[in-house]
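Peer 1: So you can see what is in the structure, the chains are spelled out below.
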Amino acid sequence: MKPSKATLLLFLLPATAVFVCFALAPILGSLAMSLLNWTQGPRPIPAGLDNYRRVLTDIVFWRAALNNLVILVASLAIQLPIAAALAILLSYPTRCRGLFRTAFFAPMVMPTIAIALLWLYLYAPVDGLATRLCQRLLPGQGQTAVIHWLSATSSSIWLPSPSLAAIFVTICWQYVGFHLVLFMAGIAAIPQDHFEAARLDGASELQIARHVILPSLRPTIAVSATLSIIGSLKYFDLIYLMGGAMAETDREVIATYIYRLAFEQGQGRFGQGSAAAVLLFLAALAIVIPLQRWRLRQSRD
Amino acid sequence: MQRLLRHLLLLLCLLLSAYPLLWMTLASLRTDADVLEHPFAWPSSWQLRSYGDVLAAGGFGSASANLTLLLAAFPLAAAAFLWMADLVQFRLRLWHLPFLLALGGALLAAQRHPALHRALQARPGFANAYLNSLTLCIAAVTAAVMLAALAAFALSRLKFRGSNLLFLTFMLGMMIPVHVTLIPLNLLLGPQLLNLKGSPWALVGPYVAFAIPVSVLILRNAFDAIPADLLDAAQIDGCTPWLIFRHVAIPLAKPALATLVIFNFLTCWNEFAFALTLADSRRPTLPIALHHFKGEQGSLDIPVICAALVISVAPLLIVYACAQRHIIRGLTAGAVKE
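In order, the protein sequence lines correspond to chains S and X. First residue of the first sequence: 0, per numbering that gives the first Met the number 0; consecutive thereafter. First residue of the second sequence: 0, per numbering that gives the first Met the number 0; consecutive thereafter.
It should be emphasised that the hints constitute simulated quantities derived from the structure, not laboratory data. There may be inaccurate statements among the hints.
Pair ranges (Cβ atoms, derived) [what the hints assert, rightly or not]: (1) Trp157(S) with Leu164(X): 40 to 46 Å; (2) Arg198(S) with His246(X): 34 to 40 Å; (3) Leu48(S) with Arg160(X): 48 to 54 Å; (4) Ala196(S) with His6(X): 22 to 28 Å; (5) Ser203(S) with Ala32(X): 50 to 56 Å; (6) Lys158(X) with Arg198(S): 47 to 53 Å; (7) Asp126(S) with Leu164(X): 54 to 60 Å; (8) Pro250(X) with Leu290(S): 32 to 38 Å; (9) Ile44(S) with Thr67(X): 50 to 56 Å; (10) Thr67(X) with Pro289(S): 37 to 43 Å; (11) Gln297(S) with Trp41(X): 50 to 56 Å; (12) Asp57(S) with Ala105(X): 49 to 55 Å.
Here a beta-carbon is modelled for each residue, glycine too, at the ideal position from N, C-alpha and C.
Construct all of the structure, not just a fragment, from the sequences and the given hints.
Peer 2: Here's what the structure looks like:
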């Protein structure tokens, strides 16, 4: 259809206007704000690249980036395999398969603040459930152990804090169900005769999982992996809500670093925060664009 | 044997996954001392005091009045959600109108009630946060889906220059971390420019803007799937693009629209970072109310916090349990429909 100019405007203008106003313009705004100094008095003054210099020489920024990277790798290496394994287990005739799926997916509909509050109790150092469980399992001295799940300090500047692992368990708890559903849909789409052919040839169940299910799941794995990667760059909620007790240099990812610089009490460093935001945006582009291109090529093949 | 082992393994995972929620519910129904002494045990005695405490905080200041407000707000939220997601069919008839007006009026009056207003200045309650979240989500989701439908139809069926570029620009919105925009949005909505900061309405703009990309993607796919013959026939009969959109494309894209309502509604309902930065603690959304409640209570009384958690999560889980197939499809839609 070849529409008139007025029709085209009617269709496109509203969405484009809102999107430009509240998503695109703020990104450009970040760029502008990162070149100004906002802390000296009521009006910002030009600051050149000072903010970038400050961010790039800040150890907290690099530790935050490291944490993002660790979450990314852990999501790919731990969370997705767990989801895939559960999906394969559920792919056999199972009683109440729907119930399992519903239960695993349930945390996805909860607000992250609720998840964080709940897990803060599970991880309480003296009487949290996780500590109590360890006390029961450990003999002797361990029975009165106090475990600082969420306030462990890191032993070297090259390593993230062990508490990040504790938070990652919560992240898994929240998201495994989501990837599980994707994988279950992927497995359900595999033609039954592939399984039958493999069984007739005498393949063991492990071999079937390895040589029939996994190869057919490749498109689904690509989707899950892409979402995990984009998601770990965006990660904010649980780290901000659960990381409060960690050392100031250990507890950030880039998103929380931006937030704390700009909005935590007495900070108001909009320039430095914006500089970090611009860097995050560039990093996201640098990772996401090649990823999408690769996926497009894959789906064409 | 293998079958048994597999079921046991799955049950173990189910336990790991569901136990925290079960524990939370049980903890909200017992005393603090009981929770601390026997955290894993079945409660030795039951009590509802924690719920009374949570309900008495903020809002009208009286537990029963707050409970009434909450009991009015929950079915309303659930009904609005299910109706918008096309899961319950409900045709508006003329005789419904007085009832709806009365209900809406009562809710508005309750929110404007002087006693509530005074109490809210001091401490906002959960019932009130429910209503804030409800109005905010309905407004944002309606706007986002409508705007996205218009744009997606143009991108799918109308020919114009720059169509691909525009689509890619929208897709960019799906890839970028939203936190990049926190600082500039804070300035844009702040007192110098739009002066919306502090009211829940400040969140509508950002929520709509960040709901549009995924909505455009899914709706464009839905419109692409409509047979071209159908649209051509309508065009030959003299339909303008607008009439085709309104009377052919939209009815055929209903499943996609329903999916999007679910996705966007839950994303907005649970959103945290924007709400934390842009909304006022005196007129919070539900997640922010929970955040502040924790801040005020410190970490002293576990049952009370658990009661607050149950109050804010249980309605979601009830709706989820009733419509789980649709909700799971809705939340995974962006990933499955390529």
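Peer 1: If a hint holds in the structure, say so; if it does not, say that too.
Peer 2: Hints, one by one, checked against the model:
1. Trp157(S) with Leu164(X): 40 to 46 Å: Roughly 43 Å apart at Cβ, these two residues keep to the hinted range, so it holds.
2. Arg198(S) with His246(X): 34 to 40 Å: Cβ of Arg198(S) to Cβ of His246(X): about 52 Å, so the range 34 to 40 Å is violated.
3. Leu48(S) with Arg160(X): 48 to 54 Å: Between Leu48(S) and Arg160(X), where Cβ atoms are some 38 Å apart, the hint is violated.
4. Ala196(S) with His6(X): 22 to 28 Å: Cβ of Ala196(S) to Cβ of His6(X): about 27 Å, so the range 22 to 28 Å holds.
5. Ser203(S) with Ala32(X): 50 to 56 Å: 54 Å, holds
6. Lys158(X) with Arg198(S): 47 to 53 Å: 52 Å, holds
7. Asp126(S) with Leu164(X): 54 to 60 Å: At roughly 58 Å between Cβ atoms, Leu164(X) and Asp126(S) fall inside 54 to 60 Å, so the hint holds.
8. Pro250(X) with Leu290(S): 32 to 38 Å: Roughly 36 Å apart at Cβ, these two residues keep to the hinted range, so it holds.
9. Ile44(S) with Thr67(X): 50 to 56 Å: 54 Å, holds
10. Thr67(X) with Pro289(S): 37 to 43 Å: 56 Å, violated
11. Gln297(S) with Trp41(X): 50 to 56 Å: 52 Å, holds
12. Asp57(S) with Ala105(X): 49 to 55 Å: Check passed, 53 Å falls within 49 to 55 Å.
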